[in-house]
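Novice: Residue numbers (the working numbering), protein chains in the order written: chain P, 824 to 934; chain H, -3 to 630.
If you are wondering where the hints come from, they were derived from the structure by calculation, not from laboratory data.
A virtual CB, placed ideally from N, CA and C, is assigned to each residue, including glycine.
Among these hints, one or two may not hold up.
[Said to hold, decoys possible] Listed next, the stretches of chain P that the computed footprint assigns to chain H, with coverage defined by at least 3 CB atoms under 8 Å from CB atoms of chain H:
hint, stretch
1, 867 to 876
2, 879 to 890
3, 913 to 921
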Amino acid sequence: MSIEVTERAVEEIRKAAGKRPSLPKGLRVGIRTGGCTGFSYLFEWSDAEALAEDKVLELGGGQVRVFIDPKSFLFLDGSTLDYASGMMARGFKWTNPNVKETCGCGESVRF
Amino acid sequence: MAVETLFEISEPGEAQTKEVRRGRAVGIDLGTTNSLVAVVQAGQPICLRDQLGSLLPSVVHYAADGSVVVGQAARGLAAQAPQDTIASVKRFMGRGPRDAEVTRRLTPYEFAPGADAVVRFSLLGGRRAVTPVEVSAEILRVLKARAEAALGGELDGAVITVPAYFDDGQRQATRDAGRLAGLDVMRLLNEPTAAALAYGLDKQAEGTFAVFDLGGGTFDISILKLEGGVFEVKSTGGDSALGGDDFDRALAARLLRQMGLPEDAAGDRSLTRRVLDAARDAKEALTKLSATEVVIERRPGDVWRGTLTRDELDDVVRPVLDRCEPPARRALRDAGLEAKQLSGVILVGGATRMPIVRRLVASLFGREPLADIDPDEVVALGAAVQADLLAGNARKDVVLMDVVPLSLGLEMMGGVAEKLIHRNTTVPCGAVQTFTTYADNQTGFDLHVVQGERELVADCRSLARFKLTGIPPMPAGMARLQVTFLVDADGLLGVSAREETTGKESSIRVKPSYGLTDDEVERMIRDSFAHAERDVSERLLVVERVEADRILQATRVALAASADLLVDGERAAIEAAMAALETSKAGRDHLAIRAAIAALDAASKDFATRRMNQALQQGLRGQDIGAVESKVGK
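Construct the entire structure; sequences and hints are all you get.
Specialist: Here it is, written out as C-alpha cells:
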C-alpha cells in the first residue's frame, strides 16, 4: 500500500509552502464525498498537526509532509502525485488507478 | 478520455469556511434604568467599571451648547431640565408616534411633530430633535469608550441584550443604535437567555428555567426551555411599570409620614429627592441588616432621624411586590408548565437582592432561586460570554470546540449521507448546496440533518428533522432547493432550506455537540475508518440504485405516455434494457448498474429525442412553457 509523490511534486510543494506567510505543518490530501460525480479531491495546507489516525508521508528528507486520513488512503492507494507543466497550465496532477470516471470540471471523480 | 485536472494547493478550509475572527468582544446590557458592559478576561466574565461603579444610568442629557452628558451626571440634571434629559429611552425603542402616546404618560418628554415612522424627542425648546435610536447610541458610545479604555484597543464586536418580548422593530432599533455608536453588533441576545448563559446552564443536557427579572422600573418573567443546547423562550410576561423604584417611592411616602409631612412633601422637589435617596439607601442596607438608621435633612440645619426595620420595609413593599405574582403565574401557564417542572429559577435585577423578593420567588416556584451572580450584572456577564464565543475565543471548559468534531450533512435519497460541513472544519463556518426533487409532483422535502463520518444515514447520528412543504407540483428535477448549513462560533448549527422557484423557506437550529462526549466522537471517527471500505462501496451502490430507480420510473412513464412514438422493435429493446437494469440493480456491483443505466439510456435515446421534438412542436402551438419543460425533463 503506498502513494507515490514524484520528486518534481515534492519540490513544487516545498516551493509553494515557502511562499505562504507561515510554513504549514503539512499538506493535507484526501477524498471527500461531494461534487457532481460523488467524490472530489481535497488538496490543502494544514496549519494543524497531523491527527493521530492520519497516514503521514515524510518526503524530501522530511521537508515536505503529506497528511492523509485513513479513509482517503483507501482511495488514493496506488496513486501517483506529480507536477505537470504544459503550454496551457501547470499544477499538481493525480494519477489514480481507482478512478473510473471524471467529470467535466475534473475536480470530481467516480470510483 | 478522462479530463486531466491540475490542482493548486488550497488554503485550509478555503473551500467552505469563512475566517474565524478572534478578538475583543463585549457584552452589553442596554437597560431601561442602567446599562453595563462586560468582557471575558482570563476565562471569566467581568463587568467593566468606571469610578462611579459598573452601572451606567441610562440617562442622556442634551445641553444647550450641543454637548451630550450620559449617566450619573445626566441623572443629576434631570430635575432642572426634564425635557432635555431622556431617561428610560428603552421604552421608546422601535416605537412609532402612536405607540409612544401610551408610553408618554410615564415621561415628561415633548415629541417633535411630524408623520415620521419613529418618534422624535423635541429638545431645547424645539431646536433639536433626536430619535430613541440616537439617544441609545449615546449610551452605547460611553460603554464602548469604557470598554476600549479598559481593553486597550478597538472593539471587534458586541452582543447587546434585549428583552425577550422585543418585536422585530424594537430589535432592529437596538441594532441600529449599536451601529450608530460604531459597534459591530454580532448578535442580539435575549436578556433571560443571557442570564442563563452567565450561570452556564447551557452546559446542562436540557431543562426548563424561569428568569425573574425585577429591575428599577420594569418587571419581566420569562420561561426558557433548553433543548439540545439551544434556549427557546417559551413564554414571557411582566409589568412594564413595576420595579425597585416603586419600592423606593412607597418607602419614601412612609418616611414622609413618619416625619409628619404630606406624601408629596408639600411640593418640595428637593426634599422629595433627598427622601427618595434615603429610602433607597435604607432599602439596600436592610438587605443585610434587620434594622437601620435613617437620617434626612428636612431643611438646612434641621435633621430628622429615625429607624426602619426590615419588617417595616417588608410591609411597605409587599403590596407592590404582590403585583409580580399574576404575571409570573400566567407565564408558567402560557408555557404549559407547573412550577414543580422547572429545573431552576434565576434572579435578575437589583431589586431581587431583597430578602422578601427572594422569599416570594421561592414560594412562587417552590425552590430556592439561583442568586450567586450579582443580579445587576448577570445579563451583561452572560452577553459577554456569548460575545467571547462569537469572537472565536472559545472557553476551555466548554465542550464546544473551535472545530466541528463530526461532519454534518443531510440524508439523500436512498439513505446516503451527504456531508455539507466536514469534520475538523474551524467554526464559524458554512456551506451551501443545491438539491432538487427526486419524484414528479413532489410538493415537499423531508430534511434530515445527520452527523457522523459514515456514508449511510443509518450509521450516523440523527440531529434533527424538518420539512419544507407547499411547493407546487413540478416535474422531478425542476425544484431548486438551496440548503445552507451555518455553524456559528458557539457551535450552533442553523440549517435553512429555500426552494428558489417559490421562495418557500424553512429552517431549524440545533446544537450538534449536545449530548456528545469526547469518547463518542472518538468512537464514531474510529468506526468510520474501520468500515471505510464497506461504507464507500455501500454508498456507491445506493447512489447507482437510486439513479437506476429514477431512470426506470421515467422510462415507464414515457412508454405509457408516448407509445405512439415507438418504432418497430423499439419497445422490446427498451424493455430488455430495463429488465437488465433491474437484474443488475438487485446485485451489488455498482459498476454493473452504471453500465446497465448507460445501456438503457442508449436503447431509449432515439425514443427520447422524438418525445422531445413532439413536446417542442406542441410548445410552438401555444402551450405554456412550463408544460413544455415538464416533457423535456429526462
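Novice: Please name the hints from earlier in the document that this structure breaks, with their numbers sorted from lowest to highest.
Specialist: Number 2 - this is the single hint that the structure violates.
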